[in-house]
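Chains as they are written, first to last, in our numbering: chain F, 1 to 246; chain W, 1 to 169; chain A, 1 to 169.
If you're looking for bench data, these hints aren't it; they were derived computationally from the structure. Glycine residues also receive a C-beta, built at the ideal position from the N, C-alpha and C atoms. Please note that the accuracy of each hint is not assured.
A short list of chain W residues far from chain F (calculated; beta carbon distances all over 10 angstroms) [what the hints assert, rightly or not]:
(1) G12
(2) A27
(3) D33
(4) P35
(5) Y48
(6) G51
(7) K105
(8) A106
(9) G139
(10) I142
(11) K149
(12) P163
Dumping the calculated DSS-like pairs for lysine-lysine here, alpha-carbon to alpha-carbon at most 30 angstroms [as the list claims (entries may be wrong)]:
(13) A:K76 with F:K189
(14) F:K234 with A:K149
(15) F:K189 with F:K143
(16) A:K105 with W:K67
(17) F:K143 with W:K149
(18) A:K135 with W:K67
(19) W:K76 with A:K105
(20) W:K2 with W:K105
(21) F:K50 with F:K23
(22) A:K76 with W:K105
(23) F:K162 with W:K76
(24) A:K2 with W:K67
(25) W:K135 with W:K105
(26) W:K2 with A:K67
(27) F:K234 with F:K189
(28) A:K149 with F:K102
(29) A:K76 with A:K2
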Amino acid sequence: MGYVVQLEVYQGPFDLLLDLIAKNEVDIWDIPIATITEQYLEYLYSLQEKDLAIAGEFLVMAATLIRLKSRLLLPQEQAVEEEEEEAEDPRRELVQQLLRYKFFKEVGEFLQERYLEASRYYTKGQSVALYDLAPIYTQPVGKLALEELREIYDHLLRELAKEPPVHTISPGISLQERMALVRLQLVGKPRVSFRALVKDNTPMEIVGTFLAILELVRLGEIRVAQNTLFGDIKIQPYALELEVNA
Amino acid sequence: MKLAEARVVVEGLIFAADRPLSAQEIAEIIGLDPPAVEALVEDIRSRYADGALTIRRVGGGFQLVTKPELSPWIEKLGRPVIHAPLSPAATEALAIIAYEQPVTKAEIEQIRGVRSDSALNSLLERGLICEVGRKEGPGRPILYGTTAKFLEHFGLASADELPLRSISE
Amino acid sequence: MKLAEARVVVEGLIFAADRPLSAQEIAEIIGLDPPAVEALVEDIRSRYADGALTIRRVGGGFQLVTKPELSPWIEKLGRPVIHAPLSPAATEALAIIAYEQPVTKAEIEQIRGVRSDSALNSLLERGLICEVGRKEGPGRPILYGTTAKFLEHFGLASADELPLRSISE
Numbered sequence: 001m002g003y004v005v006q007l008e009v010y011q012g013p014f015d016l017l018l019d020l021i022a023k024n025e026v027d028i029w030d031i032p033i034a035t036i037t038e039q040y041l042e043y044l045y046s047l048q049e050k051d052l053a054i055a056g057e058f059l060v061m062a063a064t065l066i067r068l069k070s071r072l073l074l075p076q077e078q079a080v081e082e083e084e085e086e087a088e089d090p091r092r093e094l095v096q097q098l099l100r101y102k103f104f105k106e107v108g109e110f111l112q113e114r115y116l117e118a119s120r121y122y123t124k125g126q127s128v129a130l131y132d133l134a135p136i137y138t139q140p141v142g143k144l145a146l147e148e149l150r151e152i153y154d155h156l157l158r159e160l161a162k163e164p165p166v167h168t169i170s171p172g173i174s175l176q177e178r179m180a181l182v183r184l185q186l187v188g189k190p191r192v193s194f195r196a197l198v199k200d201n202t203p204m205e206i207v208g209t210f211l212a213i214l215e216l217v218r219l220g221e222i223r224v225a226q227n228t229l230f231g232d233i234k235i236q237p238y239a240l241e242l243e244v245n246a
Numbered sequence: 001m002k003l004a005e006a007r008v009v010v011e012g013l014i015f016a017a018d019r020p021l022s023a024q025e026i027a028e029i030i031g032l033d034p035p036a037v038e039a040l041v042e043d044i045r046s047r048y049a050d051g052a053l054t055i056r057r058v059g060g061g062f063q064l065v066t067k068p069e070l071s072p073w074i075e076k077l078g079r080p081v082i083h084a085p086l087s088p089a090a091t092e093a094l095a096i097i098a099y100e101q102p103v104t105k106a107e108i109e110q111i112r113g114v115r116s117d118s119a120l121n122s123l124l125e126r127g128l129i130c131e132v133g134r135k136e137g138p139g140r141p142i143l144y145g146t147t148a149k150f151l152e153h154f155g156l157a158s159a160d161e162l163p164l165r166s167i168s169e
Numbered sequence: 001m002k003l004a005e006a007r008v009v010v011e012g013l014i015f016a017a018d019r020p021l022s023a024q025e026i027a028e029i030i031g032l033d034p035p036a037v038e039a040l041v042e043d044i045r046s047r048y049a050d051g052a053l054t055i056r057r058v059g060g061g062f063q064l065v066t067k068p069e070l071s072p073w074i075e076k077l078g079r080p081v082i083h084a085p086l087s088p089a090a091t092e093a094l095a096i097i098a099y100e101q102p103v104t105k106a107e108i109e110q111i112r113g114v115r116s117d118s119a120l121n122s123l124l125e126r127g128l129i130c131e132v133g134r135k136e137g138p139g140r141p142i143l144y145g146t147t148a149k150f151l152e153h154f155g156l157a158s159a160d161e162l163p164l165r166s167i168s169e
């Protein structure tokens, strides 16, 4: 069955590498590739031991590191063959990528901080506070017909007159099972809609699926968005880019 | 909390609230009684004497607005254009007001079974309903009714011309 | 128009606008030059000293906001949180778009080293980035750029407040 994990706190292979370089207190321009590769692979193994899936990007980086390590171990004959041309450090491209990524990661952190600061300033809560400056409504009542208005009113009164309905709750399927169903639907998709998750449209299914979604939000597995009141709910796996199917 | 501090908090709350705040609501947040809140609001209003803003009482609450004499300037900012049709919630509230008018928010909410503040705001902004008076009794709640604009949109001469309700009920 | 009157109009305009207003926009409405507007804004800000409000400069304009120390009180209003904090993935992607725009998803993913679909979706949903065109070439991929809301969301006066790009890179 598809299983979704998030790789600890690392945003990707560059993030993991930068962390290893920082922990080893080595110069980024002179990375001890053998040591770092070893630690990088160790980390991936530790994930495997915990039965966690490893995202493809992390494996690609592992291959790159191993290739770099083997090139650095080769005797420098090739460099001599290249004559005057200065032998390029094979680590150079990786370091440039790392520095580039590091800069944007830091800007991201700067933005996070600025957001927290900015969110303490509240703007005006209502936009109606203007005299003689009401919005222009191009559709004040839309296509609403008089007859509809009567039907809506009748319907409301009929609902009001009804005895409160008695719902019997059958055991049905458990919350855990509902959550598993939602996870299954999300595998390999950028997002699914709530309406698509609810197939039979029974109250039990709707409520059960909704509870499962709330629980998954609480667990940080998914994010939800609803653009309009009573609109469909869109469900996305959280931090999709770090997920893979086991 | 000192009064000067409370005054600043009240000002901030009225500015930032997404609806007109009643003295009662403010009182609950800051832990004073409603008359004390009313006094603070008066204090804020008097401090606004030589500024652009004032506090008006609307729908049983306080709202921060620009002074009316500034409207010719503010109109130059342009009126926002909204294309959205009426929401289902607002449509329900409109149906109730049309048939039950004059009617209070509480009565509308009782029929709908849900809070209806934003539905009423939307109808007020669209000019389809207006405040038509106050109901006698505790709190003297606002009574709402439909406007001439409402009748015009549906081609009615008066609210009496609304279609009769079905007999089934 | 006298300066005192102009000050009141500026305050009213900044309050009433639903977006940060630039000194230039205000200047055009009231018929003064932008430096005079800046001076009036400073005057208004100093008059706000013992009140709840202040004017911040954001996204190239002025915006009336509550003072930050009031935020614990205003949170009690339960105003819906419009902007939940962004994930680290989304802020990384946003940082790249801010500096490299116009930029494609593939280019962002190349810098981040990971897929970025949900990061981009989240930024698009919040209106912090938008599609600004298509890149010439195979597949004509979408180009992304930041929106006016981007600076406002992070309380940045202008893009100059972003960290300088290091020279080493």
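Query raised in the report: Taking only the CA atoms, is the gap from K135 of chain W to K105 of chain W under or equal to 30 angstroms?
Result: 11 angstroms, holds
Query - 30 angstroms limit on alpha-carbon distance, applied to hinted pair K2 of chain W and K67 of chain A - result: 18 angstroms, holds
Query raised in the report: Would the pair K234 of chain F and K149 of chain A pass a check requiring their Cα atoms to be no farther apart than 30 angstroms?
Result: 23 angstroms, holds
Query raised in the report: Is it correct that the beta-carbon of K149 of chain W has no partner in chain F closer than or equal to 10 angstroms?
Result: 7 angstroms, violated
Query raised in the report: Does the alpha-carbon distance linking K50 of chain F and K23 of chain F stay inside the 30 angstroms limit?
Result: 23 angstroms, holds
Query raised in the report: Taking 30 angstroms as the top limit, are the C-alpha atoms of K76 of chain A and K2 of chain A close enough?
Result: Cα-Cα ~41 angstroms, so violated.
**Report entry** Assertion that I142 of chain W lies farther than 10 angstroms from chain F (Cβ)
**Finding:** About 16 angstroms separates I142 of chain W from the closest Cβ of chain F, which puts it past 10 angstroms; holds.
Report task. Sort out whether K105 of chain W lies within 30 angstroms of K2 of chain W, counting only the CA atoms. Result -> Distance ~35 angstroms between K2 of chain W and K105 of chain W Cα, so the pair is violated.
Report task. Could you grab the alpha-carbon distance between K2 of chain A and K67 of chain W and see if it respects the 30 angstroms cut-off? Result -> 18 angstroms, holds
Query raised in the report: Can we trust that A106 of chain W is non-interface, i.e. its beta-carbon lies farther than 10 angstroms from all of chain F?
Result: 14 angstroms, holds
Query raised in the report: Is the nearest CB of chain F more than 10 angstroms from the CB of K105 of chain W?
Result: K105 of chain W is indeed farther than 10 angstroms from all Cβ atoms of chain F, at 15 angstroms.
Query raised in the report: Is K76 of chain A close enough to K105 of chain W, meaning Cα to Cα at most 30 angstroms?
Result: 24 angstroms, holds
Consistency note: the structure conflicts with the earlier hints numbered 1, 11, 12, 13, 15, 16, 18, 19, 20, 23, 29.
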